[in-house]
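Sequence lines, in order, name chains S and Y.
So in this note's numbering, spot 209 of the first sequence is number 828, and the numbers just go up one at a time.
So in this note's numbering, spot 38 of the second sequence is number 559, and the numbers just go up one at a time.
Treat the hints loosely; a few may be bogus.
Computed, partial: chain Y to chain S, Cβ under 8 Å [as the list claims (entries may be wrong)]:
#1 Arg525
#2 Val526
#3 Leu528
#4 Pro540
#5 Asp544
#6 Gly694
#7 Asn701
#8 Asp703
#9 Ala704
#10 Val707
#11 Met708
Chain S stretches covered by chain Y per the calculated footprint, using a threshold of three residues with CB under 8 Å from any CB of chain Y [claimed, not checked]:
#12 687-701
#13 720-732
#14 787-793
Hint data in this document are derived by calculation from the structure and do not stem from the laboratory.
Owing to the predicted nature of the structure, the values given are computational and were not obtained by experimental measurement.
Glycine included, every Cβ here is placed at the ideal spot set by N, Cα and C.
Each chain, written out:
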Amino acid sequence: MSNPLLTISGLRAGYGAAPVLFGLDLKINEGEIVALVGSNGAGKTTLLRAISRMIAAEGSINFAGKELMPLTPEQVFATGLVQVPEGRQLFARMTVEENLRMGALLRRDPEGVVRSFARMYELFPILAERRRQMAGSLSGGEQQMCALARGLMAEPKLLMVDEMSLGLAPVVVDQLLVVLSDIRKAGVTILLVEQDVFAAFSVADRGYVIETGHIVREGTVAELERDSDLRKAYLGVA
Amino acid sequence: MKGRVALLGLCAVLLALLPLTGDDVLIQYGIDALLFATLAQAWNIIGGFAGYASFGNSSFYGLGTYGTAIAMAQLHLPFWVGLCLGAFLAVVCAVLIGLPILRLRGHYFAIATLGLSATLSAIIANLDISGRNIGLILPLTRNDTMFYELALVLLVAATGTVAWIARSRFGMGLIAIRENEDAAQVMGVNTTLYKVTALVLSAFFTALAGGIHAYWITFIDPASAFDLTLNVRMVIMAMFGGPGTVLGPVIGSFILTFVYQLLASSISTAAALLFGIVIVLAVIFMPRGLWDLAGGLRRLGPRYFLQNIRAHRL
């Protein structure tokens, strides 16, 4: 359980002359669900983009024993680090099934892909019902499921989910959180990037709190929930 | 699938036998139609599959034209060397301009490519080796049958390439880029590589068509070689037939070339209007081209048109 899958140390990144991340350290163990919480503009999405190597960065990112820094985004993807982007970014004019197929685009094991399809429809029965429907016509929650399933079709070791709860009803978020635990049981490690601290902490093992490009708190969810400053700032309770 | 391939093979054989009729006019129309179909098909790779509306294809055509002309008229090399030179120039150009401007999306890409033809035309018009403004005269070969068969081979090769693309991982990646480029990138698609490759393939076939046309027509000048209206016609033919399909652009350009020739010989003013009218009607009534029309009519009947008209809030 305590094998580190992703180890980030001293990560600095930004856009042009504007630095966003100021030397972050973060560790994710195999089989964990780790929540990264923080408000708007704290640098959450920037961190994901830096890990995916879509923007320039300094420091070290070690994933499954491999240094990601010199890799291109495609190479990072191939190591098994897959992002479910903010706003879902589905192929709206394609069917659910075609969207899932796109997730498996770079895989070279046709039988494995067939098995993955079966597993996705088991994990998300609603997607099986809607497989021939255009992804753009799904409800918000179904779209998020489709985005998760598409990411899982790539057989990730680590799934990074950005703002999963965005624009969704609380009851739908709860359903998705259950699915996340199921995904973890299937052996996928998850980094959950969220503004909704309640939702994130309800499913995560450990958490990191990011503020203006610095990690200001880290620990198990139980520890973080006891932290009085955090309770005031993020949970809205004294 | 096999039946369809056999049917297409039969069509190609029948087309190949057309020169046996000995009808010179028909053969010349045929060369024209085949070259246009190739141009529309080549545009289809970057415009239809990758979704990048290129107005740089007339530049690739011009480079293919001039590559062939310079090799034959100035360097006295054989025709096939000229074809290779033209294709090489176009491919190099596609890589050089593709890398920077394929970062632009949508209209911005189209606008950036628009300038290319004018720039290249101006450069060519000032080089001695390309005959400056006056142009070049290629050695005359009166063998329309050969040009016809060459054009047919090129069209078959281009269509075969597109058929492969449509079924390949590469083609799926291009479609992903067309539908949502950010998502394609997140799914591990090397978007830059895919887009540049698509543009290079498009440039390659476009340049070969230009080279064949140059040798056939024997006289070229900058204005006709880098003619932007040619690019517009590629776009209209591909859009009319069905962008992003394998056969749509070919069928679309056959039909449009036929109608155009028909009008040009009877009411020539109407012929000039044809492409404008076609693109307006096609966008409203069959936004995804003939190919979509065929499927849509089978499923929905006349409601197909109503649905499209309604989608435009008319």
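To see whether the hints hold, each was checked on the structure:
1. For Arg525 (chain Y), the suggested interface contact is broken, since its CB lies about 22 Å from the closest CB of chain S, more than 8 Å.
2. Interface hint status for Val526 (chain Y): violated, as the beta-carbon distance to the closest one in chain S is roughly 22 Å, over 8 Å.
3. Interface restraint check for Leu528 (chain Y): the shortest CB-CB distance to chain S comes to about 27 Å, outside 8 Å, so the restraint is violated.
4. For Pro540 (chain Y), the shortest C-beta to C-beta distance to chain S is roughly 43 Å, which exceeds 8 Å, and the interface hint is violated.
5. Interface restraint check for Asp544 (chain Y): the shortest CB-CB distance to chain S comes to about 45 Å, outside 8 Å, so the restraint is violated.
6. Given the 8 Å rule on beta carbons, the hint for Gly694 (chain Y) holds: about 6 Å separates it from the nearest Cβ of chain S.
7. Proximity of Asn701 (chain Y) to chain S holds as hinted, the smallest CB-CB distance being about 5 Å (cut-off 8 Å).
8. Hint status for Asp703 (chain Y): holds, given a least beta-carbon distance of 5 Å to chain S, under 8 Å.
9. For Ala704 (chain Y), the interface hint holds, the least distance from its beta-carbon to any beta-carbon of chain S being 4 Å, beneath 8 Å.
10. Nearest Cβ of chain S to the Cβ of Val707 (chain Y): about 5 Å, under the 8 Å cut. The hint holds.
11. For Met708 (chain Y), the shortest C-beta to C-beta distance to chain S is roughly 6 Å, which falls under 8 Å, so the interface hint holds.
12. Counting residues of the region 687-701 of chain S whose C-beta lies closer than 8 Å to any C-beta of chain Y gives 6; at least three are required, and the coverage claim holds.
13. Three residues within the 8 Å Cβ limit are the bar, and the region 720-732 of chain S against chain Y gives 5, so the coverage statement holds.
14. A count of 0 residues in the region 787-793 of chain S with a Cβ less than 8 Å from any Cβ of chain Y is obtained; the coverage claim is therefore unmet, three being the minimum.
Hints 1, 2, 3, 4, 5 and 14 from the earlier list are contradicted by this structure; the remaining hints agree with it.
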